[in-house]
Amino acid sequence: DAKTTQPPSMDCAEGRAANLPCNHSTISGNEYVYWYRQIHSQGPQYIIHGLKNNETNEMASLIITEDRKSSTLILPHATLRDTAVYYCIVRVAFDRGSTLGRLYFGRGTQLTVWP
Amino acid sequence: NAGVTQTPKFQVLKTGQSMTLQCAQDMNHNSMYWYRQDPGMGLRLIYYSASEGTTDKGEVPNGYNVSRLNKREFSLRLESAAPSQTSVYFCASSADGFSTDTQYFGPGTRLTVL
Numbered sequence: 001d002a003k004t005t006q007p008p009s010m011d012c013a014e015g016r017a018a019n020l021p022c023n024h025s026t027i028s029g030n031e032y033v034y035w036y037r038q039i040h041s042q043g044p045q046y047i048i049h050g051l052k053n054n055e056t057n058e059m060a061s062l063i064i065t066e067d068r069k070s071s072t073l074i075l076p077h078a079t080l081r082d083t084a085v086y087y088c089i090v091r092v093a094f095d096r097g098s099t100l101g102r103l104y105f106g107r108g109t110q111l112t113v114w115p
Numbered sequence: 116n117a118g119v120t121q122t123p124k125f126q127v128l129k130t131g132q133s134m135t136l137q138c139a140q141d142m143n144h145n146s147m148y149w150y151r152q153d154p155g156m157g158l159r160l161i162y163y164s165a166s167e168g169t170t171d172k173g174e175v176p177n178g179y180n181v182s183r184l185n186k187r188e189f190s191l192r193l194e195s196a197a198p199s200q201t202s203v204y205f206c207a208s209s210a211d212g213f214s215t216d217t218q219y220f221g222p223g224t225r226l227t228v229l
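Chains as they are written, first to last, in our numbering: chain A, 1 to 115; chain B, 116 to 229.
Simulated from the structure, these hints should not be mistaken for laboratory data. Errors might be hidden in some of the hints.
[To be verified] What follows is a set of in silico ranges between Cβ atoms, one per label pair, in the way DEER data are often shown:
| id | chain 1 | residue 1 | chain 2 | residue 2 | range |
| --- | --- | --- | --- | --- | --- |
| 1 | B | L229 | A | N53 | 24 to 30 Å |
| 2 | B | P154 | A | T112 | 15 to 21 Å |
| 3 | B | M142 | A | N57 | 38 to 44 Å |
| 4 | B | K172 | A | R107 | 20 to 26 Å |
| 5 | A | A17 | B | Q132 | 48 to 54 Å |
| 6 | B | P154 | A | K52 | 32 to 38 Å |
| 7 | B | D171 | A | N57 | 26 to 32 Å |
| 8 | B | D211 | A | N54 | 23 to 29 Å |
[As the list claims (entries may be wrong)] Derived DSBU-like pairs: lysine-lysine, alpha-carbon spacing no greater than 35 Å straight-line:
| id | chain 1 | residue 1 | chain 2 | residue 2 |
| --- | --- | --- | --- | --- |
| 9 | B | K172 | A | K52 |
| 10 | B | K186 | B | K129 |
| 11 | B | K129 | B | K172 |
| 12 | A | K52 | B | K186 |
| 13 | A | K69 | A | K3 |
| 14 | A | K52 | A | K3 |
| 15 | B | K129 | A | K52 |
| 16 | A | K69 | B | K129 |
| 17 | B | K172 | B | K186 |
| 18 | A | K69 | A | K52 |
| 19 | B | K124 | A | K69 |
| 20 | B | K124 | B | K186 |
| 21 | B | K124 | B | K172 |
| 22 | A | K3 | B | K172 |
These numbers were taken from a predicted model, which means no experiment stands behind them. Glycine is no exception: its CB is placed at the ideal position from the N, C-alpha and C atoms.
Required output: the full structure, derived from the provided sequences and hints.
As structure tokens, this is what we get:
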């Protein structure tokens with residue numbers, strides 16, 4: 001029951017922008033899109049999340065399409081330390097009507113930043 | 116402020132042995148979670164605890180038990196380990212578990228069952 005679809009791998013030159021796409025065509029109106037990354041089997045690290053509007057923080061920008069069926073994570077100036085698996089996650093409620101949401105991890109995108 | 120800590124970092128068990136994985140957080144979070152990650156896969160939720168005193172099953176609870184010892188600590192127990200439980204186990208916590216809530220992860224426990 002895949003909630004999101006991501007390319008298995010991408011690469012990017014150091015210093016360039018990395019644009020990671022994600023499809024979530026079955027997303028519901030109250031479900032958030034989250035992005036996490038995992039560097040070399042460490043614990044996943046939170047990057048950013050959003051509902052409808054585009055979001056930006058010190059790590060990245062998140063662009064969500066108007067129909068909310070897809071999104072793009074942008075790392076504006078990728079560095080070698082950004083090499084990681086990036087997970088696009090739709091935050092689903094545990095139960096109908098519950099506000100308690102769990103993260104549903106797929107396989108993610110392996111981003112490799114090269115010098 | 117250590118965030119989420121897990122012990123042990125590595126463990127090797129024989130089939131049928133039991134063990135408890137420990138997790139603690141110092142962020143005063145209400146909700147805590149246990150995930151497992153198999154090679155080349157994303158994380159799958161085993162159990163979660165929305166608040167102190169409550170626990171619930173996630174996607175893959177079979178073969179595991181949990182205890183929310185207090186607000187800080189959430190342990191995962193394997194009563195009779197099986198090779199299929201060889202995995203990396205991650206604990207996470209979040210302020211209150213709501214859909215806008217950020218989960219913070221520990222460094223993981225790498226478990227091998229022979």
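Here's how the hints hold up against the structure:
no.	hint	verdict
1	B:L229 with A:N53: 24 to 30 Å	violated (51 Å)
2	B:P154 with A:T112: 15 to 21 Å	holds (18 Å)
3	B:M142 with A:N57: 38 to 44 Å	violated (19 Å)
4	B:K172 with A:R107: 20 to 26 Å	holds (23 Å)
5	A:A17 with B:Q132: 48 to 54 Å	holds (49 Å)
6	B:P154 with A:K52: 32 to 38 Å	holds (36 Å)
7	B:D171 with A:N57: 26 to 32 Å	holds (31 Å)
8	B:D211 with A:N54: 23 to 29 Å	holds (26 Å)
9	B:K172 with A:K52	holds (30 Å)
10	B:K186 with B:K129	holds (32 Å)
11	B:K129 with B:K172	holds (25 Å)
12	A:K52 with B:K186	holds (33 Å)
13	A:K69 with A:K3	holds (11 Å)
14	A:K52 with A:K3	holds (17 Å)
15	B:K129 with A:K52	violated (49 Å)
16	A:K69 with B:K129	violated (46 Å)
17	B:K172 with B:K186	holds (18 Å)
18	A:K69 with A:K52	holds (10 Å)
19	B:K124 with A:K69	violated (39 Å)
20	B:K124 with B:K186	holds (22 Å)
21	B:K124 with B:K172	holds (24 Å)
22	A:K3 with B:K172	holds (20 Å)
Figure legend: structure checked against the earlier numbered hints; hints not met, in rising order: 1, 3, 15, 16 and 19.
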